[in-house]
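Generate the whole structure from the sequences, applying the supplied hints.
Line by line, the protein sequences are chains P and A.
When we follow the numbering used here, the leftmost residue of the first sequence carries the number 5, and every step to the right adds one.
When we follow the numbering used here, the leftmost residue of the second sequence carries the number 5, and every step to the right adds one.
Everything labelled a hint here was simulated from the structure, so no lab data went into it.
Predicted model, so just to flag it, every value in this text is computed and none were measured.
Put simply, identical chains are the same to the list, so a pair is met inside one copy or across any two.
Within a straight-line C-alpha distance of at most 20 Å, the following computed EDC-like cross-link-like pairs (lysine to aspartate or glutamate) qualify:
| no. | residue 1 | residue 2 |
| --- | --- | --- |
| 1 | K172 | D339 |
| 2 | K98 | D166 |
| 3 | K17 | E240 |
| 4 | K172 | E341 |
| 5 | K172 | E305 |
| 6 | K172 | E304 |
There are 2 protein chains.
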Amino acid sequence: MKPVNDTFLRALKREQTDYTPLWLMRQAGRYLPEYNAVRTRKGSFMALAQDPEAACEVTLQPVERFGLDAAILFSDILTVPDAMGLGLSFVPGKGPVFEHPVQTEEAAAKLFVPDPEERLRYVTDAVRTIRRALDNRVPLIGFSGSPFTLACYMVEGGSSKDFATIKKMMYARPDLLHRILEVNARAVTEYLNAQVRAGAQALQIFDTWGGALADGCFEEFSLRYMKRILEGLIKENEGKRVPVILFTKGGGAWLEAIAESGCDCVGVDWTVNLAQARARTRDAVSLQGNLDPMVLFAGEEAIRREARRVLDSFGETGTGGHVFNLGHGISQHTDPEAVAILADEVHAYSRRYHQRKA
Amino acid sequence: MKPVNDTFLRALKREQTDYTPLWLMRQAGRYLPEYNAVRTRKGSFMALAQDPEAACEVTLQPVERFGLDAAILFSDILTVPDAMGLGLSFVPGKGPVFEHPVQTEEAAAKLFVPDPEERLRYVTDAVRTIRRALDNRVPLIGFSGSPFTLACYMVEGGSSKDFATIKKMMYARPDLLHRILEVNARAVTEYLNAQVRAGAQALQIFDTWGGALADGCFEEFSLRYMKRILEGLIKENEGKRVPVILFTKGGGAWLEAIAESGCDCVGVDWTVNLAQARARTRDAVSLQGNLDPMVLFAGEEAIRREARRVLDSFGETGTGGHVFNLGHGISQHTDPEAVAILADEVHAYSRRYHQRKA
Chain P
5 MKPVNDTFLR ALKREQTDYT PLWLMRQAGR YLPEYNAVRT RKGSFMALAQ DPEAACEVTL
65 QPVERFGLDA AILFSDILTV PDAMGLGLSF VPGKGPVFEH PVQTEEAAAK LFVPDPEERL
125 RYVTDAVRTI RRALDNRVPL IGFSGSPFTL ACYMVEGGSS KDFATIKKMM YARPDLLHRI
185 LEVNARAVTE YLNAQVRAGA QALQIFDTWG GALADGCFEE FSLRYMKRIL EGLIKENEGK
245 RVPVILFTKG GGAWLEAIAE SGCDCVGVDW TVNLAQARAR TRDAVSLQGN LDPMVLFAGE
305 EAIRREARRV LDSFGETGTG GHVFNLGHGI SQHTDPEAVA ILADEVHAYS RRYHQRKA
Chain A
5 MKPVNDTFLR ALKREQTDYT PLWLMRQAGR YLPEYNAVRT RKGSFMALAQ DPEAACEVTL
65 QPVERFGLDA AILFSDILTV PDAMGLGLSF VPGKGPVFEH PVQTEEAAAK LFVPDPEERL
125 RYVTDAVRTI RRALDNRVPL IGFSGSPFTL ACYMVEGGSS KDFATIKKMM YARPDLLHRI
185 LEVNARAVTE YLNAQVRAGA QALQIFDTWG GALADGCFEE FSLRYMKRIL EGLIKENEGK
245 RVPVILFTKG GGAWLEAIAE SGCDCVGVDW TVNLAQARAR TRDAVSLQGN LDPMVLFAGE
305 EAIRREARRV LDSFGETGTG GHVFNLGHGI SQHTDPEAVA ILADEVHAYS RRYHQRKA
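Quick look at the structure:
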């Protein structure tokens, strides 16, 4: 019988596992030569993301190379606003750019919830293709950006250092931003449900920019809309619960509130102490994280030491669940060998913390 | 008799005041036309910073225009590594650049503690000139970058998004980074003491990048060296205590530890809830902050509302002390009129929270 590794799903649900499962944000990416080969063949990032066979190929690469415990759909968080007709392109050296930023009442009024099986069919096709190719070896994670994080790009028209445009809107015209976020929340719900129906077995919502918000604003403009998504998501598929991870980079201040959102797992960045995070969330959710991605530049000894430090800080699993990850996406300059060392250390060293639960 | 406004110093020491004092990080800067006039006259940022009369002129501009409660020395945090011979220049569109970054044993071994009255005489001369010109109207704040924040620029050779070079050093060669930080801590101590002897009445240490560190690393590589500085600082001058503010941007996770460092005041960014911060630090220090600088783009109503929200979240002063500030430096694109509105609101609305202390 072929081996089925569901360690990741069980850790998310705080069930007993033999070791701490591991995946890496942005694990299918430019640090891998085999990824770059496919990327070059396809010509552009979006051409790659929009080709289900190619997306499947790069999704599987890191899983097979490193023996990771989950695959994550190869795609981009900006597919949803692109499907709303905002005109996404990637400008070298500048990052994502929207041809039609959403900065006025008129632009906000034009936003709509795209039908995922129509305008984002390439994504659900990729999910179906990947599930077939994975053949249950490891679970597949679907994902989306959070409504606020998507709005950052939609309102700013691209990346931003200080979020001046969206924050001006937030403080001066909160009603207008709420209207945008409301559409985004419905669009993301539909999008994630379509991924689940296509076969995604777990979901992650990337709230990459929620941590840029002031206290109070985070709850009102980011967390609130992630909660709405959680309320609207399909809870089970193929007879199994579909766990959801919320990852707010820089969200350590609001851990308790995030843990009470209805999610199964909270992703935390490297500034968070995992023991304290467990205490603050009272093991009511599992935790994902939180190695500093820069550790992967420091050589084998440091990688093994810092991986152990993360595992030690979580400690005995007990009633908690831990998914090992980086605190942010892996850098494109990472040596793949560093990831192999990390996977080896996490899988070997973590076994001491997985005792039979009471 | 000329008026002496020592509200800022008294708030730092948690003494009774009539209202909440206000100053703004980077208050003397490019958002002010009168600043730009002087800057143009001097030709470059460093030429301005190195001319005590001109530095004095721009230091006083925002104090006089807005009736702020403190002046802060016009200078740059990178004067210290520049005085170590690393060759600082400011490249348009790129920010600060060091000609000789510190990335090897040899480069680290060459670092030394500059004599502030010799190599940084322009700074202490500026402090003396400003004190004379202020004539005790409001107190003068001296400042420095933290040892870790200075090291970020020294090791990276300039600004960085991911701090790959210094973090690689930190994880792979912690001994080498500790050597650099040790010199920096001694240099900053000498530098701040020279500012105090020249007349600075309060000090702020800007730990701009401490928040980029992983839990555990912050304490070991940033806070530890700020504590050393605090131990070595002159405690009193002109018969008065010289209070010290530590500001770690993104340091909310470590508030308790920062508050126990020996500082008088902890600066916090806008992600921190002031009521929770008071509870966590048990009013053992005063707090500075924490308006989102982007509020200043949102018009009068929003500015007044958000300023009140910050004051409300601190609440009754009681045994605590509050200095109103932004959670980060003011943006160069800010309309000066927005600052006038903010100063008016803070000064007027805060009076309700300043009752006689028990």
